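K.L.:
Let's have the full structure, built from the sequences with the hints guiding it.
Protein sequences appear in the order of chains A and B.
Mind the numbering: the first sequence is residues 1 to 219 in my numbering, read in order.
Mind the numbering: the second sequence is residues 220 to 448 in my numbering, read in order.
Some hints here could point you the wrong way.
[To be verified] Quick list of simulated restraints, FRET-style, between CB atoms:
(1) B:Glu341 <-> A:Ala184: 38 to 48 Å
(2) B:Leu443 <-> A:Ser174: 19 to 29 Å
(3) B:Leu442 <-> A:Glu127: 18 to 28 Å
(4) B:Pro253 <-> A:Gly207: 57 to 67 Å
(5) A:Tyr216 <-> B:Pro330: 16 to 26 Å
(6) A:Asp148 <-> B:Asp284: 40 to 50 Å
(7) A:Val77 <-> B:Met363: 16 to 26 Å
(8) B:Pro253 <-> A:Ser111: 40 to 50 Å
(9) A:Glu119 <-> B:Ser262: 49 to 59 Å
(10) A:Asp148 <-> B:Leu269: 48 to 58 Å
Simulated from the structure, these hints should not be mistaken for laboratory data.
Just so we're clear, the structure is a prediction, and the values are computed from it rather than from any experiment.
The beta carbon of each residue, even a glycine, is placed where N, CA and C say it ideally should be.
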Amino acid sequence: MEGGVVLLDFWPSMFGMRVRIALAEKEIKYEYIEQDLRNKSDLLLQMNPVHKKIPVLVHNGKPICESLVQVQYIDEVWKNQAPLLPADPYKRATARFWADFVDKKMYDSGSRVWKTKGEEQEAAKKEFIGNLKLLEGELGDNLYFGGDGFGYVDVALVPFYCWFYAYEQCGNFSIEAECPKLIAWAKRCMQKESVAKSLADPEKVYGFLLQLKKAYGIE
Amino acid sequence: MAEAEAESVVKLLGAWLSPYCYRVIWALKLKAIPYEYIEEDLSAKSPLLLQSNPVHKKVPVLIHDGKPISESTVILRYIEEIWPQNPLLPTDPYEKAVALFWIKFADDKSPSISKLYRSDGEEQQQAAKECWEMLEAMEEEGLMEGKKFFGGDEINMVDIAFCSVAHWLGVIQDFAGLKILEPHRFPKLSSWILNFKSVPMIKENLPDTDKMIALLKRRREMLLAAKSN
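P.N.:
Written as structure tokens, this is what we have:
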């Protein structure tokens, strides 16, 4: 059997949630250690000296950093259950491309929605929705980005869903009105125990975001 | 030539100055994969490029049997899976995860290098700081004492991913009159750069420095002029 698994994480982190989902999908038992990011533990600094960020996955005492690298690692080591990446190399490349798109676009464009006001915020909202519409296009009529089955891109993207309520409150807009198919997809994912257990409560996330705004000095 | 003969199985859409394109060229050459190279004019993108990479409209794009793949790291992973000869990634899952970490690091941090010639004043200083931090992380955490390359005795995907540091940074910092990559401050990294650029396949496939400087100069003038307008 595989050795001990530890996850250093922070409850509202979409990146941490990706790993929680992957671990749950594979039914891997692990120790979850909540991190205080304003007062970083020696363990965190030692396990991720380059970025000093969460999530950090520790397997058999050895750390792995970067959420998508962690998800790919989990998929490779625990390959006999709930495969996340497809078997076909071209489909794998497509999945990696879209997970990379989520990484490059979602966090930054979402952040700009709550960090800005006025015209800047309108532009940020437009960009954010534009990115979601591209993802909706890729989803098409499939149940999941992985096709019939929940997969790698679903894991990469679905954690952002619990942040949508916070973005909507800050930006005074409805994501469902603009991207109904994507919201339908998210709700479908939420019916999976691995996702429902791993995502944070949207109200709590909004409360956290309000604190963050205060700390940044944003109204 | 008959149409069937003229059709390449592998095509690469690239731009001669782009480090991301060189990553793919090196991988294809190291694995001895024949390909057709198509130079793109990025100021007048071809219908093939726009059709093959509608999301980002960028190079490199690899087209294999008519199917396009975009984003250099995604392309490298694909090449590795389809053509496993001369492997560029470790097979051990943990070592592979460490390699992928550094490849992502290279992806995330390399844009700071081109910012050095695209900006001035405070913005350029910020870019210089980011480059310095990237080099520090590579020196302290990335390069192991006694190892010639990130890949050990031979280059691998991590070495290839750090192409911007190996060649572009030196040219750009000289052009911009900055001293970031100093050998006494980054001894392991400086050694690695020398070793990397001595690999015959790499040495024979690097963009000409003088041509680079001429193009960077033109680009910088255009960008700074556009900013002040």
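K.L.:
Now look at each hint and say whether the structure bears it out.
P.N.:
So, going through the hints one by one against the coordinates:
no.	hint	verdict
1	B:Glu341 <-> A:Ala184: 38 to 48 Å	46 Å, holds
2	B:Leu443 <-> A:Ser174: 19 to 29 Å	42 Å, violated
3	B:Leu442 <-> A:Glu127: 18 to 28 Å	22 Å, holds
4	B:Pro253 <-> A:Gly207: 57 to 67 Å	58 Å, holds
5	A:Tyr216 <-> B:Pro330: 16 to 26 Å	24 Å, holds
6	A:Asp148 <-> B:Asp284: 40 to 50 Å	25 Å, violated
7	A:Val77 <-> B:Met363: 16 to 26 Å	23 Å, holds
8	B:Pro253 <-> A:Ser111: 40 to 50 Å	44 Å, holds
9	A:Glu119 <-> B:Ser262: 49 to 59 Å	29 Å, violated
10	A:Asp148 <-> B:Leu269: 48 to 58 Å	31 Å, violated
In the structure shown, a violation is registered for the earlier hints numbered 2, 6, 9 and 10, in ascending order.
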